[in-house]
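Here's the letter readout for the chains.
Protein chains: 2
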Amino acid sequence: MSVYRDPVDGSEYRLDEPRWRSAAGRPLWIDPGSGLDRSDIDVAARSLWRYRAALPVVFSDPISLGEGSTPLLEREWERGGRPLFKLDFLNPTGSFKDRGTSVMLSYLRDRGIRSVLEDSSGNGGSSVAGYGAAGGLRVKIFAPASTSSAKIAQVRAFGAELQLVEGLREESENEAIRQAQGDAFYASHNWQAFFLQGTKTLAYELWEDLGFRVPDNVIVPVGAGSSLLGCWLGFRELLGAGQIQRMPRLFAAQPLNCSPVDASFTAGTDDPVERPVSPTIAQGTSIARPLRLTQMIAALHDSGGSTVAIPEEDIVHALDLLCSNGLFVEPTSASAAAAYSALLTAGRITRAEETVVLLTGSGLKAAPTVADLVDGILR
Amino acid sequence: MSVYRDPVDGSEYRLDEPRWRSAAGRPLWIDPGSGLDRSDIDVAARSLWRYRAALPVVFSDPISLGEGSTPLLEREWERGGRPLFKLDFLNPTGSFKDRGTSVMLSYLRDRGIRSVLEDSSGNGGSSVAGYGAAGGLRVKIFAPASTSSAKIAQVRAFGAELQLVEGLREESENEAIRQAQGDAFYASHNWQAFFLQGTKTLAYELWEDLGFRVPDNVIVPVGAGSSLLGCWLGFRELLGAGQIQRMPRLFAAQPLNCSPVDASFTAGTDDPVERPVSPTIAQGTSIARPLRLTQMIAALHDSGGSTVAIPEEDIVHALDLLCSNGLFVEPTSASAAAAYSALLTAGRITRAEETVVLLTGSGLKAAPTVADLVDGILR
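Chains A and B, in that order, are what the protein sequence lines are. Numbers given in the working numbering equal positions in the first sequence, counted from 1, plus 200. Numbers given in the working numbering equal positions in the second sequence, counted from 1, plus 200.
Hint data in this document are derived by calculation from the structure and do not stem from the laboratory. Note that beta-carbon positions come from the ideal geometry of N, C-alpha and C, so glycine has one too. Be aware that one or more of the hints could be misleading.
Label-pair distances were calculated between CB atoms; the ranges are [as the list claims (entries may be wrong)]:
1) B:F412 to A:R279: 43 to 49 Å
2) B:R338 to A:G440: 50 to 56 Å
3) A:G280 to B:R238: 57 to 63 Å
4) B:E553 to A:D237: 23 to 29 Å
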């Protein structure tokens with residue numbers, strides 16, 4: 201039976217009582233489960249809930265807006281590449297976060313939670329506000345005062361309470377935790393382990409998209425790491441269940457301006473390594489001290505993958521190329537496409553390999569910025 | 201064999217040469233085809249191209265971004281209703297227009313067209329710019345100077361040329377037609393008959409979503425009428441092919457401030473009827489003189505449906521309710537949801553009937569406006 205586990209001290213907690221951290225105050229984790237057989241897929245569900253057999257608890261009443269089941273699209277690319285783009289920006293609130301949110305809030309609501317707090321500089325907040333609304337939950341979002349106006353507008357429209365917090369991103373988290381008392385649960389997409397149970401459906405879906413095979417490589421933009429760790433969990437479970445014969449290599453794309461995972465990985469450690477941080481257009485991955493660094497490094501090693509740190513101008517170039525292909529995404533998504541080019545150039549992947557590039561967020565969340573970047577106005 | 205037909209003088213034109221109007225200068229039309237059998241569905245295609253067997257020509261190389269295959273979601277609603285919302289705002293560029301554009305531009309490119317002109321106040325322009333980019337076509341969009349900044353930004357990011365035109369919406373069309381010469385084809389989503397061949401996949405998809413049944417009612421927002429006529433075409437074809445036993449009733453939702461279809465329908469005519477026009481928040485349906493009025497009236501009668509004209513405050517109320525359900529859409533989409541409530545209240549449909557409400561465009565295209573409307577700031 202699955203449990204919450206603190207990977208540092210090994211303490212365990214039952215899943216029937218929602219927790220967001222261990223007794224020692226660290227993030228919890230749920231180990232890979234037993235996966236599923238393809239006959240366990242609920243083919244009538246056009247959403248990630250088709251893979252609910254792979255989730256560690258039974259859900260009585262999922263909060264679903266049709267998340268998942270996104271297109272996988274092969275496109276020509278520079279350097280003769282032909283990556284497969286996973287269009288997760290076409291999720292209900294405009295980002296891949298909806299996978300995690302749908303499962304996390306469904307789990308919490310099933311266990312009696314009626315009021316949640318979340319801190320976010322962007323997509324996570326929109327997503328929790330949207331699914332909170334869909335599920336009849338009271339939602340309060342804490343966001344840095346600098347958050348993009350489209351994302352703030354979305355949170356407001358969903359009827360969530362919004363508190364803008366001055367200062368660094370961390371201040372929003374601190375304020376949310378301060379207010380998490382009584383019946384208000386801290387439903388952080390970074391802390392709550394069930395969020396990763398949602399993002400792991402990415403692995404199941406890619407496997408099904410490809411006719412029950414895995415690709416050679418999967419490249420994801422990495423900030424707090426929920427898409428990376430989700431993919432790792434899902435593919436590990438499929439491997440454990442004998443449904444696949446090997447892990448795809450997982451690659452973490454980070455903006456060079458904020459690349460703590462790359463810094464540690466290239467230094468050969470899973471401890472934080474000093475590297476300067478500066479602003480980046482890939483805001484969704486601008487997280488200087490990711491909570492789950494150790495697990496991310498382990499997942500990268502386990503899969504045979506690695507990290508790529510992308511200079512700002514290469515992110516802009518990839519964004520331009522994506523838009524020229526009809527794919528209107530956020531700059532954060534473009535870092536994964538830029539990483540594909542960089543990996544090809546360095547010979548770390550080849551054109552002949554099958555490589556999936558995850559596109560995480562809609563360009564409509566920052567439309568004028570995307571257009572200005574592509575037009576060269578902001579370069 | 202299918203042909204382009206001018207419904208007024210009956211003149212016919214072969215489909216192998218692209219045309220956007222008849223010799224007499226009127227919009228052309230393609231009659232319902234022979235439909236398909238469910239075994240003709242290409243189940244490997246996760247897009248509207250799964251229904252390509254129902255299209256009137258063979259496509260050698262579709263321009264596809266994964267359009268179609270959108271979620272169909274049952275939600276609780278006011279007055280005890282439980283409509284099924286079709287989430288077509290989750291299409292690749294953020295609106296249902298992608299269905300029409302994908303088929304229209306694929307048809308044109310297959311026939312050698314490399315450069316297209318389009319006029320639009322919004323979603324049509326974003327869609328043609330996006331699919332033009334995906335298909336390697338040169339695109340020029342003519343838009344009213346008042347077009348929303350997110351839509352303009354999207355057009356720019358896709359690399360399309362953009363000409364803003366002062367004056368009414370019609371001035372943009374006139375300017376596009378003036379410049380449609382030489383190798384630049386006028387690929388208007390309102391004029392080109394193949395656009396409706398794309399939107400007709402809505403009918404096929406609803407039929408498949410419901411396990412190869414049709415709903416009792418389908419409510420769509422109507423401006424130029426491409427979703428209404430598309431639904432009518434598709435359901436007619438399914439009926440002709442013996443796949444369904446009856447047409448669903450089709451209902452056209454229009455903002456009262458701009459409701460020419462409702463004006464003619466309620467007056468019992470298919471000629472234009474005088475009714476004052478004023479600005480509406482449902483911008484996507486703000487079309488005072490729709491090209492295909494006669495066919496729309498015929499489609500409504502043929503299906504046993506009718507029209508609903510919605511006051512602005514009811515559109516805002518429905519927008520608020522949709523957002524409270526986690527569905528972040530454009531005001532235009534909300535008019536169809538408001539029509540559902542109005543039809544229930546008037547007893548023209550019942551709660552026991554199965555009713556689909558089409559949600560056409562993403563709220564992210566006008567995020568601050570949606571939030572201000574929902575917050576009551578713009579009321």
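Each hint tested on the structure:
1. B:F412 to A:R279: 43 to 49 Å: holds, 45 Å
2. B:R338 to A:G440: 50 to 56 Å: holds, 51 Å
3. A:G280 to B:R238: 57 to 63 Å: Violated, since G280 (chain A) and R238 (chain B) (Cβ atoms, about 40 Å apart) do not stay within the stated range.
4. B:E553 to A:D237: 23 to 29 Å: violated, 39 Å
Taken one by one, the earlier hints fail for this structure at numbers 3 and 4, listed in ascending order.
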